[in-house]
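Protein chains: 2
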Amino acid sequence: MATEAFAAADESFGTMDTPPLTLKTINPKVLACEYAVRGPIVARAQALQQRLSADPSSLPFDEIVYCNIGNPQALYQQPITFFREVVALADHPALLQLPEIEKFFSADAIGRVKRILQKIPANTTGAYSHSQGHMVCREDIAAGIQKRDGYPCNPDDIYITNGASPSVHNILKLLIRGKMDGVMVPIPQYPLYSASIALQGGTLVPYYLDESHGWGLEISELEKQLKAARNSGIAVRALVVINPGNPTGQVLSEENKEEVVKFCKRENLLLIADEVYQENIYCEGKKFTSFKKIVRDLGFKDSDFTLVSLHSSSKGFYGECGRRGGYMEACGFDPLVKDQLYKMASVDLCSNVPGQILMSVIMNPPQKGDSSHPLFAKERETILSSLKRRAKMIVRGLNGLEGVTCNDAEGAMYVFPQIRLSEKAKKAAADAGVKADSFYCSKLLDSTGVVVVPGSGFGQVPGTYHYRCTILPGEEKMPAVIAKIGEFHRKFMDEYRD
Amino acid sequence: MATEAFAAADESFGTMDTPPLTLKTINPKVLACEYAVRGPIVARAQALQQRLSADPSSLPFDEIVYCNIGNPQALYQQPITFFREVVALADHPALLQLPEIEKFFSADAIGRVKRILQKIPANTTGAYSHSQGHMVCREDIAAGIQKRDGYPCNPDDIYITNGASPSVHNILKLLIRGKMDGVMVPIPQYPLYSASIALQGGTLVPYYLDESHGWGLEISELEKQLKAARNSGIAVRALVVINPGNPTGQVLSEENKEEVVKFCKRENLLLIADEVYQENIYCEGKKFTSFKKIVRDLGFKDSDFTLVSLHSSSKGFYGECGRRGGYMEACGFDPLVKDQLYKMASVDLCSNVPGQILMSVIMNPPQKGDSSHPLFAKERETILSSLKRRAKMIVRGLNGLEGVTCNDAEGAMYVFPQIRLSEKAKKAAADAGVKADSFYCSKLLDSTGVVVVPGSGFGQVPGTYHYRCTILPGEEKMPAVIAKIGEFHRKFMDEYRD
Numbered sequence: 001m002a003t004e005a006f007a008a009a010d011e012s013f014g015t016m017d018t019p020p021l022t023l024k025t026i027n028p029k030v031l032a033c034e035y036a037v038r039g040p041i042v043a044r045a046q047a048l049q050q051r052l053s054a055d056p057s058s059l060p061f062d063e064i065v066y067c068n069i070g071n072p073q074a075l076y077q078q079p080i081t082f083f084r085e086v087v088a089l090a091d092h093p094a095l096l097q098l099p100e101i102e103k104f105f106s107a108d109a110i111g112r113v114k115r116i117l118q119k120i121p122a123n124t125t126g127a128y129s130h131s132q133g134h135m136v137c138r139e140d141i142a143a144g145i146q147k148r149d150g151y152p153c154n155p156d157d158i159y160i161t162n163g164a165s166p167s168v169h170n171i172l173k174l175l176i177r178g179k180m181d182g183v184m185v186p187i188p189q190y191p192l193y194s195a196s197i198a199l200q201g202g203t204l205v206p207y208y209l210d211e212s213h214g215w216g217l218e219i220s221e222l223e224k225q226l227k228a229a230r231n232s233g234i235a236v237r238a239l240v241v242i243n244p245g246n247p248t249g250q251v252l253s254e255e256n257k258e259e260v261v262k263f264c265k266r267e268n269l270l271l272i273a274d275e276v277y278q279e280n281i282y283c284e285g286k287k288f289t290s291f292k293k294i295v296r297d298l299g300f301k302d303s304d305f306t307l308v309s310l311h312s313s314s315k316g317f318y319g320e321c322g323r324r325g326g327y328m329e330a331c332g333f334d335p336l337v338k339d340q341l342y343k344m345a346s347v348d349l350c351s352n353v354p355g356q357i358l359m360s361v362i363m364n365p366p367q368k369g370d371s372s373h374p375l376f377a378k379e380r381e382t383i384l385s386s387l388k389r390r391a392k393m394i395v396r397g398l399n400g401l402e403g404v405t406c407n408d409a410e411g412a413m414y415v416f417p418q419i420r421l422s423e424k425a426k427k428a429a430a431d432a433g434v435k436a437d438s439f440y441c442s443k444l445l446d447s448t449g450v451v452v453v454p455g456s457g458f459g460q461v462p463g464t465y466h467y468r469c470t471i472l473p474g475e476e477k478m479p480a481v482i483a484k485i486g487e488f489h490r491k492f493m494d495e496y497r498d
Numbered sequence: 001m002a003t004e005a006f007a008a009a010d011e012s013f014g015t016m017d018t019p020p021l022t023l024k025t026i027n028p029k030v031l032a033c034e035y036a037v038r039g040p041i042v043a044r045a046q047a048l049q050q051r052l053s054a055d056p057s058s059l060p061f062d063e064i065v066y067c068n069i070g071n072p073q074a075l076y077q078q079p080i081t082f083f084r085e086v087v088a089l090a091d092h093p094a095l096l097q098l099p100e101i102e103k104f105f106s107a108d109a110i111g112r113v114k115r116i117l118q119k120i121p122a123n124t125t126g127a128y129s130h131s132q133g134h135m136v137c138r139e140d141i142a143a144g145i146q147k148r149d150g151y152p153c154n155p156d157d158i159y160i161t162n163g164a165s166p167s168v169h170n171i172l173k174l175l176i177r178g179k180m181d182g183v184m185v186p187i188p189q190y191p192l193y194s195a196s197i198a199l200q201g202g203t204l205v206p207y208y209l210d211e212s213h214g215w216g217l218e219i220s221e222l223e224k225q226l227k228a229a230r231n232s233g234i235a236v237r238a239l240v241v242i243n244p245g246n247p248t249g250q251v252l253s254e255e256n257k258e259e260v261v262k263f264c265k266r267e268n269l270l271l272i273a274d275e276v277y278q279e280n281i282y283c284e285g286k287k288f289t290s291f292k293k294i295v296r297d298l299g300f301k302d303s304d305f306t307l308v309s310l311h312s313s314s315k316g317f318y319g320e321c322g323r324r325g326g327y328m329e330a331c332g333f334d335p336l337v338k339d340q341l342y343k344m345a346s347v348d349l350c351s352n353v354p355g356q357i358l359m360s361v362i363m364n365p366p367q368k369g370d371s372s373h374p375l376f377a378k379e380r381e382t383i384l385s386s387l388k389r390r391a392k393m394i395v396r397g398l399n400g401l402e403g404v405t406c407n408d409a410e411g412a413m414y415v416f417p418q419i420r421l422s423e424k425a426k427k428a429a430a431d432a433g434v435k436a437d438s439f440y441c442s443k444l445l446d447s448t449g450v451v452v453v454p455g456s457g458f459g460q461v462p463g464t465y466h467y468r469c470t471i472l473p474g475e476e477k478m479p480a481v482i483a484k485i486g487e488f489h490r491k492f493m494d495e496y497r498d
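For the protein sequence lines, the chains are Z and A, in the order given. The first sequence stops at residue 498 when you use the UniProt record's numbering, and every number in between is there. The second sequence stops at residue 498 when you use the UniProt record's numbering, and every number in between is there.
Please note: incorrect hints may appear among the correct ones.
Identical chains share a label here; the pair holds if one copy fits it or two copies do between them.
In the PhoX-like style, the derived pairs of lysine-lysine whose C-alpha atoms are separated by at most 20 Å in a straight line are [unchecked claim]:
#: 1; residue 1: K338; residue 2: K24
#: 2; residue 1: K301; residue 2: K262
#: 3; residue 1: K424; residue 2: K443
#: 4; residue 1: K368; residue 2: K293
Hints were generated in silico from the structure; no laboratory data involved. For clarity, every value in this text was computed on a predicted model and none was experimentally measured.
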């Protein structure tokens, strides 16, 4: 396939009468990559938004509600005051010299920034850092991980990146040598994984989450898919687990995670634990435990087990997506391989320093007794309790609709309802040349302004249809959003009833 | 070669007794990639720095002077006040509500931030932006480009990235389908290009700059190398030009750039213009003209010519490296190919928003009449005039040394002297198992604490030896740095005299 494309490209190339870059002559791996979270439905939403701005009465709704992406502050969630105080002071340390500074900034934000800047070479956020991030930020992140897990964390294992996405790219770039290297990825998945594997030219080895058991991760399914991949000659290198789940919102049990770890150990797989939603848990009786802790609880040391754990400033209750903070902790890596990871990080010099500082503060927020703590605790509780209520509200609303079932959002920021579509709807979609779930989501957008992402962008059992919707519209707006979705759904079902 | 590595990998893989990732089983493209700017000499410098911190009398010098990388603020250059005011206010807009705010921030910084935040959806730097960057930032960058060139710039052609490096990766990822796709790169070059081409698995087609004519770019050399590459079956897709030059510091003439543009047009090559040093010009009588302006002056429209121009917040007089602002302007791209660029940007969601804002402000700094203008103009002039003096000072110092010749640093932040090494020195290097230029640079570090990068990391005519040294140590320190280099050099020449 690639060879064919190449030959065709060379041919058109020789003629010199086409521009140097056309769809026929670009890298076919780029063409093969898909990323639905910002796909055609979002492009359509942006076009509708422009129409609305030009003429507010031109559409049957007043605003576009972006439920396609976990982007809380775009839906007017306010940032955490302490975090922003720290980054602003680090940006403009001249403020620290003002005699009145304590009137405008909390004492612990001032103290934190002074401590961080003092430990940064030349005391500025304007210089490139160490390729893995400033040591003071990595030390603070490591301290936070250690406190979370109860096990030591080495700052040299931390690679701070611009959000978690570049960490995923780097680790997959390191792993994937070609088409015959495989990475196990849950289906449904966050499409960063499929996109990155496609860009690297590897093979995605899917394992299906069990929707009928709350999007459970069955070890028997892992074993079955691993065997099938190996039988077709794929060298399966790694297993991706997203916990809490995206787009599926489940929180894995301790026992389940132990089984996953043992499976990776048994099958010699790198475990890539996407744990960016570790602070987003809404389900009573469930809690987040990191895979690092599970690995250590099972007695595996660095020499026994290789693990990557991902985290990001974009998620949690703070939702600082635009700041692009993130890191991976790479445990148990061969030192020679770590040199290669360092080199890869070095080619891009370093991640943005304000994002590094933010990530370090997220992992070490104000503690009881700190002057910011009361406000910080209040802001956190306000957001998390509201997210919890919104998660329940939307699940209840969706489950009340004909032909729709929706598992609980135990964590993360999404629901992933299944919609049972009629033959007539499927035929209408086919006639329109689009997938049935895209057809549904597109009609939903056109009728309501609510933007969701078709399940096909995340993967789903063939013949089933879903969409991903965030739980992020403001709590006061949520009933109206649910009502709009419900009203649209009833009309849609009636229109396409078999 | 890749196939062999793969077979070997699979073998060790099957046994399951090695960790999932070893040097033998990682992607050989990662192994093949080199990035000398943070290579072994820098690692050694960091180790020496730790020794110095532990015992200041343990080494024959007091401090490590990092001249390996264009990182001005690491060498205590102060940030531009206006830029930092803007990012700090954008980070913590609660400050805008303070009645006393105008006591602490300039009126135009306040006005700028209000305008930008008002145009950002939900008025926050904490939300993901459009994949190419917030429209207000792209509009401001486009306005700056238009003012610079005198030709229109479309904000839809702007892709804001975390520094310029991700732009380079994305464009090369788009271009390179495999080993037989070639990209012409100057030698010496900034190793981001060789590293990125290696990671993508393409072929670097070198063209040599003419050291004896001030690192001139000869069209006959381009033609010769293009022909040679095509004769060996390489599909040459693009030409990279770095102007002002890195590591070579030359500023290309208008006529030369016209010839380059005509060459790309004639040979159907994408022109990748690395113009990140556009504000760093030190040579009387030379000025920066963008390739975009040259292309338009020659009468080529979007439909005639395909061009990428790169810029970054890391360079210029401001040197905001840690903030990771940067962009590429992609002109004349097929709309279908632009969709692919948008998709690639979307996989990483967006670049850091504070960096987007910083880049927009860099392209639209305070103007005469703005309250910040006097301070801004003074800060700019102070830095640029000092850089100019330092460039002259170091070139003069180097040219005074036996066997050393150094072209003028007409622009950028570097000198790239040639050092003529004796047979005895080359033999000593070979005995030590390192390249002769690395041997020299390593001895320089051990004797003086001055960190420079061997020419082999950038490429050089075989049999010649160079190093890259920044012009960035503070002006008050520069005479001492030059004296240290000179003293070391004299001893080295004496020790290794044939």
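So, going through the hints one by one against the coordinates:
no.: 1; hint: K338 with K24; in the structure: between (37 Å within a copy, 13 Å between copies)
no.: 2; hint: K301 with K262; in the structure: within (13 Å within a copy, 61 Å between copies)
no.: 3; hint: K424 with K443; in the structure: within (15 Å within a copy, 78 Å between copies)
no.: 4; hint: K368 with K293; in the structure: neither (25 Å within a copy, 59 Å between copies)
Violated hint for the displayed structure: number 4, the only one.
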